[in-house]
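Asks: Given the sequences, and given the hints that come with them, work out the whole structure.
There are 2 protein chains.
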Amino acid sequence: MSTRDVRVLEGPEKLRMLLERGNGELAAFLREQHPVDLADMVEELPDDLLVAVFERLGPEQSALVLGELDREARARIVRLLGKERVGDIVEAMDTDDAADLLGELSPEQAGQILGELQAEEAAEVRELLHYEPDTAGGIMTTEYVAVNQGMTAQEAIEHLRQRAPDAETVYYVYVVDDDEHLLGVLSLRDLIVAPPETPLKHIMRTKVVSVFHDQDQEEVARIVSRYDLLAVPVIDHQRRLLGVVTVDDVIDVLEEEATEDALRAAAVSPGEEGGDLRGGVWRLARPRLPWLLALLFMEFLAGSVIDRFRGGFDGVTLALLSVFIPIMAGEAGNGATQALAVVVRGLATGEIAEREVLAVVWREARVGLLAGLITGVVLFGVTTLWKGDLRLGLVVGLALALNLPVAKMLGGLFPIVIHRLGIDPAVASGPFITTVTDFTSMLTYFTVAALLLTQLG
Amino acid sequence: MSTRDVRVLEGPEKLRMLLERGNGELAAFLREQHPVDLADMVEELPDDLLVAVFERLGPEQSALVLGELDREARARIVRLLGKERVGDIVEAMDTDDAADLLGELSPEQAGQILGELQAEEAAEVRELLHYEPDTAGGIMTTEYVAVNQGMTAQEAIEHLRQRAPDAETVYYVYVVDDDEHLLGVLSLRDLIVAPPETPLKHIMRTKVVSVFHDQDQEEVARIVSRYDLLAVPVIDHQRRLLGVVTVDDVIDVLEEEATEDALRAAAVSPGEEGGDLRGGVWRLARPRLPWLLALLFMEFLAGSVIDRFRGGFDGVTLALLSVFIPIMAGEAGNGATQALAVVVRGLATGEIAEREVLAVVWREARVGLLAGLITGVVLFGVTTLWKGDLRLGLVVGLALALNLPVAKMLGGLFPIVIHRLGIDPAVASGPFITTVTDFTSMLTYFTVAALLLTQLG
Chain A
3 MSTRDVRVLE GPEKLRMLLE RGNGELAAFL REQHPVDLAD MVEELPDDLL VAVFERLGPE
63 QSALVLGELD REARARIVRL LGKERVGDIV EAMDTDDAAD LLGELSPEQA GQILGELQAE
123 EAAEVRELLH YEPDTAGGIM TTEYVAVNQG MTAQEAIEHL RQRAPDAETV YYVYVVDDDE
183 HLLGVLSLRD LIVAPPETPL KHIMRTKVVS VFHDQDQEEV ARIVSRYDLL AVPVIDHQRR
243 LLGVVTVDDV IDVLEEEATE DALRAAAVSP GEEGGDLRGG VWRLARPRLP WLLALLFMEF
303 LAGSVIDRFR GGFDGVTLAL LSVFIPIMAG EAGNGATQAL AVVVRGLATG EIAEREVLAV
363 VWREARVGLL AGLITGVVLF GVTTLWKGDL RLGLVVGLAL ALNLPVAKML GGLFPIVIHR
423 LGIDPAVASG PFITTVTDFT SMLTYFTVAA LLLTQLG
Chain B
3 MSTRDVRVLE GPEKLRMLLE RGNGELAAFL REQHPVDLAD MVEELPDDLL VAVFERLGPE
63 QSALVLGELD REARARIVRL LGKERVGDIV EAMDTDDAAD LLGELSPEQA GQILGELQAE
123 EAAEVRELLH YEPDTAGGIM TTEYVAVNQG MTAQEAIEHL RQRAPDAETV YYVYVVDDDE
183 HLLGVLSLRD LIVAPPETPL KHIMRTKVVS VFHDQDQEEV ARIVSRYDLL AVPVIDHQRR
243 LLGVVTVDDV IDVLEEEATE DALRAAAVSP GEEGGDLRGG VWRLARPRLP WLLALLFMEF
303 LAGSVIDRFR GGFDGVTLAL LSVFIPIMAG EAGNGATQAL AVVVRGLATG EIAEREVLAV
363 VWREARVGLL AGLITGVVLF GVTTLWKGDL RLGLVVGLAL ALNLPVAKML GGLFPIVIHR
423 LGIDPAVASG PFITTVTDFT SMLTYFTVAA LLLTQLG
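Taken in sequence, the protein lines are chains A and B.
Quick note, this note's numbering runs 2 ahead of the 1-based positions in the first sequence.
Quick note, this note's numbering runs 2 ahead of the 1-based positions in the second sequence.
Rather than coming from a laboratory, the hints here were simulated on the basis of the structure.
Treat the hints with caution; some may be incorrect.
Copies of the same chain look alike in the list, so a pair counts if it fits in one copy or across any two.
Said to hold, decoys possible - Simulated pairs of lysine to aspartate or glutamate, DMTMM-like, Cα-Cα distance not exceeding 25 Å: (1) K209 x E27; (2) K389 x E118; (3) K209 x D96; (4) K389 x D316; (5) K85 x D102; (6) K16 x E356; (7) K209 x D42; (8) K16 x D39.
Replies: Here's what the structure looks like:
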């Protein structure tokens, strides 16, 4: 643990103490905190103390802290501080954070705050608000450094000296023509190392990885990650430079998507409140209920298989067979879940190409057959010893051996088909696939049982 | 899609064509490829063509491509090119990539290649090999820029001009004393904006977020993500600067951990071959089989509940009850999976503190009760209509209403308990929790059935 981590733990209590005393120590304490740590500390404060903290922070620090707060605390601040103060803070924010904040407010509130901003800043933020939040345009900032292709290295450094305090990322310097078309890129390092009089066009790299403003944020994240970039320029379809997506926002996208995928995979619709354990019972239940109801109806398929077959066995036999229903359905579900996870990751990392459907299904069939043979033999042995009935042992062992390849094929097939249909393979995959294998495993189990026995002693 | 993506698709075919023709176009084609794209193209080439490509790449480009190849292709290259050529390439690699490569080889191979390196480079790489691969030390590079606190801004820029081509990241400049103790940090931007004669100690920031060399890579990733850093310095316990972890490696860590978690959650032990669909059947089955066998035995618990109760019902009643076993177990599993996913994400994002166990379990109980009441009423209605039996409808509806709160409490409790035991909550969570709820749901179902009826017509 770094010393900073210890401070995080102590922070909230110390802050409350200092706020109550209200002396000069508070200013010093606030000044030395990292905005993200400060955001953690103030989120839980009551309204009066929250206002007291923001009254002591300058607009710049307020802007940084506001950018790190959760949505709920942000809405409180906006309500408590009033439009003039909030306008000052928004003025100091990076344009992408400012647009995110205003996008969360009602159109009236947003309009009032935009009215407080300087014309140029207001125009930039207003423009950002037009992009879909989940696209490159929605997460880009307009604070980047662009230089004209006509400049020299020296002139570019001079330009940077003046622009730097404003630009979120100066690690890449973009070279444009008079109409803002993206021509090339330079690192700050390229500029410093080059002789001062070198024209930019001689040192710029012309192969620039870029994204379109309407590209999905997940794709943008993948590109930044693939090419190890610190930022990626965002262009329109005429290759005009619009903004920049920075690597810190890319990490946020990756984490956000991971959360959403994990919830979706477990049949919870991720929404604003999806993962929020602080909500009321109804807010927590709402994103889960539609799935539970849909899956309930799907489970009737498995039930109806048993219903169809139950007439074919006498009472004692069916009673014995029913003991193994959870084992059969459970193992099929487990096997399918494994296959699904391996294939979903394979698709995500690009190790499996979509056209390899048949190869994947065939491989899962063989893995399932191997796993089925081994677990089937074990189940045969245990059952025969437990129930003292060789025929029952044979039925359940054989059924499991047949069940696993079917389950694994389905588990492998599902994400590929879903992916090909253009749906995120994470959607409800776990509960969905186990519900499907509940059906297939019952069908296999009772078919094997009907073929091998109709009466057991 | 950017134009680069189109090139990726066309690349492999074009490369093969150019290799077969062997003309000057090939050199131009190779020169303009990004190393990661080139790595994708050459991975699948046969040995002779692979060697042909590397013979045409200079050591620098070879180093970049080698760093992006998968483990298997890297081993092939090392085998095919021989230690002298590989030594030249390793010499050109960043030290962290070089250490990663050598760490994959046999000690003899690694020793031979180390022997080909210049003494200084060999010593640095050798040192990196001592750190555990999953720690800050294991993923750091020693190519960073450090300047002495006695320098001025101008001197530091001069130092950088000379060191820059070697350093992986010059975006942060670290300030150290004569004994390499980390004192502060400067951005390149700070240096450029400052008047040339300013002493570094007046402009450096002294609050440096840093990590210890033995800190887990996942923690390092969380810190870089939390503080939006481009790199984090790695220090020993005397605060001496050892190296730097860069944000691109952090993204790799986040993706690697996401893959491992997803596989573990689905009861696949992630190993070197865990997610590798190119392996043989046995290599694919091995990380799954132990879990399938363990879960098979756990499923016997659910089976033995049915076995215990089956004597208490007549044949027809039990046959009817068995129709609803998959529905009962399935919905309990789905409900538990949802709760588990929400709590796992809550723990990961820090929204749920570990001490909140009771609050979480209580909330899940109420969510489960609400979900149970709604799905229970639906099941009651459908069953009564389907089977024309009000008592059976009551039994299954009530059992489901009781099942879901139990399942959701278990789903919420499991990751917290596991986390408190210091185990990664992802471990086999999906299949494990559904196996547990198979047991609890059978217990609830048959208890309710035994209480409400022993005979159904």
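Asks: Taking each numbered hint in turn, which are not upheld by the structure, reported in ascending numerical order?
Replies: 2
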